[in-house]
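Asker: Note that the protein sequences, when read in sequence, are chains Y and P.
So in this note's numbering, the last one in the first sequence is 348, and the numbering has no gaps at all.
So in this note's numbering, the last one in the second sequence is 264, and the numbering has no gaps at all.
It is worth saying that the hints were derived from the structure and are not from the lab.
Since we're looking at a predicted model, the values are computed, not measured.
Positions of the beta carbon are idealized from the N, C-alpha and C atoms, including for glycine.
Do not rely on the hints blindly, as some may be mistaken.
[What the hints assert, rightly or not] Computed, partial: chain Y to chain P, Cβ under 10 angstroms:
#1 Glu44
#2 Leu49
#3 Lys53
#4 Ala68
#5 Pro69
#6 Ser75
#7 Ile76
#8 Val77
#9 Phe84
#10 His100
#11 Ala144
#12 Ser146
#13 Pro149
#14 Leu153
#15 Asp243
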Amino acid sequence: MISVKNLCVDLGDFVLNDINLTVNKGEYFIILGPTGAGKTVLLESIAGLYPIKSGGIWLKGKEVTRTAPEKRGISIVYQDHALFPHLSVKDNIIFGLRLHKWASQDIATTLSEIANLLGISHLLPRKPNTLSGGEQQKVALARALSIQPQVLLLDEPLSALDPESRESVQQELRQIHNELKVTTIHVTHDFEEAIALGERIAVLGEGYVKQIGTPEEIFRQPNSEFVARFSMTRNIFAGEVIDTDGGNTAFRTEDTELVVATDLRGRLHASIRPEDILISPESLHSSARNSFAGIITHIADKGSTLYIAVNLPPDFICLVTRRSFEEMGLGEGQKVYITFKASAVHIF
Amino acid sequence: MDKKWFTTNRMTLIFILLGIIIFLFIMVPLLKMILASEPKILLDTLLDSEVMSSIWLTLYAALIATTVGFLLGVPLAYLLARTDFPGKTLVEGLIDVPIVVPHTAAGIALLFVFGRNFFAGKAFSLLGIEFVDTTAGIVIAMLFVSIPFLIDSAKEGFKKVDVRLEKVSRTLGASPWQAFFKISIPLAWRSIMAGNIMMWARGISEFGAIIILAYHPMIAPVLVYERFETYGLDYARPVAVLLIIISIIIFVTFRTLAYRGEKS
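Next up, chain Y with everything else stripped away, as it sits in the complex (with noise of 0.2 angstroms):
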C-alpha cells in the first residue's frame, strides 16, 4: 500500500538514515520511538510537508516522492490537534471537502456519518477552543478522515490527553479502524500503546529502524539493546481477561494466571512494573491477591538496584534494591516467591 525506500531526512541536529517501511492496506502500523527521534518529521515525510535528502515514497505502486502533499490523499492528526481556531468544528471537518469542490449534499451526508461514528455531532457548531482535548482530538480525525485518505498518520495522538480521555480514545481508535479499515500510521513514545493498538511496530532509534515486527516479536525478541530498553524493564504479556468461577478477574496466559481488578474483557495484555514486584525467600502472607514460586534465571546488576529475572514460567522481572538483595542473599538458580497486589496489573 505504502512503501518507504531508503528514505533519509535532515533534521539539522542529526538525520533520519536508510528508513525502509513498508503498511499493508487496511493495517494499523505503529511507529515506536523515544521523544525527539524524529517521528513526526518522518510523518511529514511521508506527507509531503518535510523535504526529504533523498530515497523515495510510493502509494499503491505508484512513486509520490515529488507529489505536491495536496495530491497525496495522506492526511495527518497532529498531537495538539491543530484544528482552525477561526472555523467551527463542522468547517474544520468540510474544509478538505469544500476544497475537492464536493456537491454540498455529499458534503452534508459524509458530515452527518463521520459526525456520528465519532459521536460529535452535537459540537459541529462550537468553536474549537470551547473543546475539551479529547473532543479536539476527535474533530482532529473526523476532518483527516473526511477526506477519505489512502494513509491516515497519527502523531502522538494520545499523548496529549488525560489518562481518562486517552484510555476512551485509544478504544475508539481502534473501532474506528476495524470499522474503516483506513491505513494507518501512528507514531507514539509509548511502549503500552503501540502494543495495544499495532499490527505490526517499526521501532526508530538513534536514526534508524531497529526492528520491525508484530507486538509480540518486539516485546518477546528485541534485536538489540536498543529495542530492549523499550520492553526490558517491563513485564508484558499477552493474554485474555476472563470471570473466574470464584468471582474473581482473572488475566489467563499459556502459563499462568494473574488476579486483575479490569473492566475490560476479551483478548488484551497486561503490564506490571518491575518495582510493584514483591521479591521474598519465603511464601508471603499479605493482602496482595498474586503469588507465585519461581526460580531465579537471571540478575541484572545496575549498581544501586537490580533486575532479576524469575522464571514461573513466564519469565517476570523484578526490581530490588542493592540492600534487600544482598540482605536476602539471593543467586541465579535459586527459588524464590513473587508476590502483586491485583491493582498493579495494567489492562490495555
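Position chain P against the provided structure of chain Y, taking the given hints into account.
Answerer: Same frame as chain Y, but now just chain P:
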C-alpha cells in the same frame, strides 16, 4: 480602599501616578488646542477649499501608500515569518531603517532615485509618472517611511499562526495559495489590519520626506507648516485642529470595523 490597600499596593499606586503624568502630557496639548479654537473659525477653515483639498490629499495619498505597502509588504512579511535564509536578520534590520533615518534625509535619498535625472525617475517618466512635486511623489515618500510598521506587524501576526495549521490544510487538499488565503491570512488578519492602520497613520503624519520630494501639491502637515511660517500661530492652528479631529474620527472608525469580527 483602606490604608492597608495603599501600603500593599504601593507599586501599583506609583505606576498609576506615573501613567497619569504621561497620559496628561499626551492629552493636554491636543485638548487645549482643540478647545481653544473658536467654532466659527473652525467652520471657516472647514469651508476653505485649500485646507479641505490638502486634508483629502493627505488621507488619500496615505491610503494609496498603504494599499501598495499591503500588496508588496504582506508577502514579504510571510516569507520573513516562515523561512530562514542566510542574512535574514540583516534583511529584517534593513527593513526597519526608514524608522530610524531622519525623514528629511530619507526624502533626499528618495530624490536620488526618483528624481528626474535618476534611473527610476527616468524609467517612470517614460510611463508618464513623475515623482517630484506630484501626488505620486507624496505616495512614494509615505510608503518609504511607513512600510516597516506594516511588515513588522504582519510578520508578527504570521509567526503566531502555527505552521502545522497550514500543513494540515495542505494534506486536506489545499494548494500553497489556498493555505495562505484560507488559513494564514484569516488568522493573521488582526495583526495585518493593525499594521495597515499604523502604516496609514504614519503616512498621514509624514512631513520631512514629503517637503523634500513634493512640497506641492500641499498635504495637510505641509499646509500647517506653511501657514505657521507665513501667517503665524493663529492661522496654522485651525488647520492643525481639523487634521487632528478628522484623523481621530477615522482611526476610531477603522479600528472598530477591523476588530469587530474578532470579538465574537
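Asker: Hints first: check each against the structure and report whether it holds.
Answerer: Verification of the hints:
Hint status for Glu44 of chain Y: holds, given a least beta-carbon distance of 7 angstroms to chain P, under 10 angstroms. With its C-beta approaching chain P no nearer than about 5 angstroms, Leu49 of chain Y sits inside the 10 angstroms limit, and its interface hint holds. The criterion of a C-beta within 10 angstroms of any C-beta in chain P is not met by Lys53 of chain Y, whose closest approach is roughly 17 angstroms, and the hint is violated. Taking 10 angstroms as the C-beta cut-off, the interface hint given for Ala68 of chain Y holds, the closest approach to chain P being about 7 angstroms.
The beta carbon of Pro69 of chain Y is positioned within 10 angstroms of a beta carbon in chain P (closest approach about 4 angstroms), and the interface hint is therefore held. Restraint check, Ser75 of chain Y versus chain P: the minimum CB separation of about 5 angstroms is within 10 angstroms; hint holds. Interface restraint check: Ile76 of chain Y against chain P, minimum CB-CB distance 5 angstroms, threshold 10 angstroms, status holds. A distance limit of 10 angstroms between C-beta atoms decides the matter here; for Val77 of chain Y the minimum to chain P is near 8 angstroms, and the interface restraint holds.
Given hint, Phe84 of chain Y at the interface with chain P, holds; its Cβ is 6 angstroms from that chain's nearest Cβ, closer than 10 angstroms. Hint status for His100 of chain Y relative to chain P: holds, with the closest Cβ pair at about 5 angstroms, below 10 angstroms. Against a cut-off of 10 angstroms between C-beta atoms, the interface hint on Ala144 of chain Y holds, since the closest Cβ of chain P lies about 8 angstroms away. Because the beta carbon of Ser146 of chain Y sits about 8 angstroms from the nearest beta carbon in chain P, less than 10 angstroms, this interface hint is met.
At a threshold of 10 angstroms, the smallest CB-CB gap from Pro149 of chain Y to chain P is about 8 angstroms, leaving the interface hint in force. Given the 10 angstroms rule on beta carbons, the hint for Leu153 of chain Y holds: about 8 angstroms separates it from the nearest Cβ of chain P. Residue-level restraint check for Asp243 of chain Y is violated (minimum Cβ-Cβ distance to chain P is 44 angstroms; threshold 10 angstroms).
The structure fails hints 3 and 15 (numbered hints given earlier, in ascending order).
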